[in-house]
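Protein sequence lines correspond, in order, to chains A and B.
With this note's numbering applied, the first sequence covers 1 to 448.
With this note's numbering applied, the second sequence covers 1 to 221.
Keep in mind the hints are simulated off the structure, nothing from the lab.
Note that this is a predicted model, so its numbers are computed, not measured.
A hint or two may mislead.
Listed below are several chain A residues computed to face chain B (Cβ distance under 10 Å; list not exhaustive) [stated by the list, open to error]:
| # | residue |
| --- | --- |
| 1 | R9 |
| 2 | K10 |
| 3 | L15 |
| 4 | V124 |
| 5 | E276 |
| 6 | A283 |
| 7 | L285 |
| 8 | V290 |
| 9 | A317 |
| 10 | L437 |
| 11 | R444 |
Just so you know, even glycine gets a beta-carbon here, dropped at the ideal spot from N, CA and C.
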Amino acid sequence: MRNVALLLRKDARVLARSRALVAVCVVYPLVLALLVGLVVRYAGERPRVALVDNDELPRELVVGGQRFNVAEVIEDVEGQSELVPLSEDEADRELEAGRVVAVVVVPPGFAERLRTMAESPKLVLKTARGGLAARVEQQIQALVYNLNRRLQDAYIEANLRYVQILREGGSATARGNEFDVIGLEEAGRILAEIERTTDDPAVAARARELGQFVREARVALALSDDSLRATANPIELETDAEGGRWPLSAQVQGTALGVALAFLCVLVAAAGIAAEREENTIARLARGLVRLGELVAEKVALVAAIAVALGLAVAVAFAVAVELAGAPGAAAWERLPLLALALALAGAALGAVGVLVGVLARETRTASLVGVLVALPFVLLGLVPEGAVDAAGALSQAFPFAHTVRITDAALYEGDPWRPLAREAGWLLALTAAYALAARAGMRRLLG
Amino acid sequence: MSVAGAADGKRALLAADGVGKRFGARTALVATTLVVEAGEAVALVGPNGAGKSTLLSILAGSLRPSTGEVVRRARSVGWAPQRPAHYGRLTARENLELFASLAGVRSPRADARRLLDVVELEDDAPAAELSAGNQQRLNLALALLGDPDVLLLDEPAAALDEAGRTRLWEIAAATRERAGAVVFATQSTEEVERRADRVVALLAGRVVFDGAPHEYAAAPA
């Protein structure tokens, strides 16, 4: 333990004298975090989808008496996906080439079916095969859901107008047929007049009975407005996107920290151990001054300390920026101690990977290059959404990046962080031990 | 001469008992036995790649032998490798203090100051910025940490100026006078003749000569 402390103090001194490296260590995570924030927020959320209009949709569509500006609807939907109008052949070619992730086909007769409300018209969705198909399907389902919501509102309005005509009378069109209705109010008035003017008591009694039914029907139909809307939308979701404009929002902070730490920690550890070899000090230390396990532990501890310092600095910078951006309460100040723990565990695991890289690469420049080459694919794998590609998920479990993102997310924003924190801490500790043992074995082999 | 003891009643301080070293398919040192006695100055000679540095690294404990073992009777063994082994961003004093602390020296700071005086080295710059000669002085100072009774020096005079060389051999002589021993690798015939009282010649990882300097000088090439 004393030897580890002595080497840690030495490395801290060496780092402090490497001003360029310190500057890179501070600036790199902040810049990377900002870039990741922008990329995650603005790039990944709008898949390019081809729209094949085989029905030649009109500029304006009247459904249930409501006018829909088709261009405006598409524009609204484009907030989620980039809709590209194409012919069916073009769309198929683009899909084959991977330039669009899906094709939505509007079949002939679509608008007519919508207008008559006789049966549900169908949209056809074609997606590319592969891991992203499920995700694209979700996006398109969301798109159709949004369209349905708008149409549903139109249909409800139309039905309510029919109800109003039933109550008050007037002209209406159903399935293309126009008809006149006298309405319950007028029917009630006629029945009252019959009851008043007739000399036949039996007719008067029947008119009174019918009049009673008309009154009850009017009351019942008067209540139909709210209940019709309520059965259409038992639960309504109101979306308020105002707070989500900030590019360094909560969702991206974990990813940004993870990306920054993955590269920095692996590189610092790899370069650190390779430098020991390059300066030949490892030969002097190996003379019984320091055990190989102690040397590995020291580098892991050093990187863990750097991860805590830089991670907290980035988190504080985020929090200050979020507060300044006018989103009070978004900054997770009270979670910083938990974040420090998460960062220490993540830094240790990433550091152990870096030490293994440094041992295998042997000299500093190669170690730095190999560090990037090792970290990059695992970071990319870790950025694939969970469940989207099973193989990516399984592979990324073997590298600390995905666990780093999840543990920092849990530490910062989970309502009940302890369960995910414990799970990811277990993963990170296991990975630290595995990579550190491999590094120690590699070092033993290296020193003969 | 056996590993267990030394000839003429002298004390054996350090011995290589059948040590050999392989790096993958390459044999760097064939099973070698060498006993270093108190008061001796042993010169290891041989062409580049003969196995001198490998043997010194094994004796120093920096490299593990593939075969055989090293028997250490000395209280402490100092080692100055051919390629200096210190932290370039630390000053000479900081390097000495660190390695002294790791070696368990009782007063690292005082020892570091003393050794800087011994090797006549100023401490005002990171070690990487020192001249090659001054880096070699630091290398020598690091070997002297803990007052070793055996000094293993790998081509120690290389890069040293005249004053530095004089100081080096004064230090080596002082170690021998304290009933210690010095083993040094060299390419210099003059150093063999003036500084050694025993020569061990290596060729392709094998000991091909072990005797007095005048015998070595007279031996056929």
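Results for each hint:
| no. | hint | verdict |
| --- | --- | --- |
| 1 | R9 | 8 Å, holds |
| 2 | K10 | 5 Å, holds |
| 3 | L15 | 9 Å, holds |
| 4 | V124 | 63 Å, violated |
| 5 | E276 | 9 Å, holds |
| 6 | A283 | 5 Å, holds |
| 7 | L285 | 7 Å, holds |
| 8 | V290 | 6 Å, holds |
| 9 | A317 | 28 Å, violated |
| 10 | L437 | 19 Å, violated |
| 11 | R444 | 9 Å, holds |
In the structure shown, a violation is registered for the earlier hints numbered 4, 9 and 10, in ascending order.
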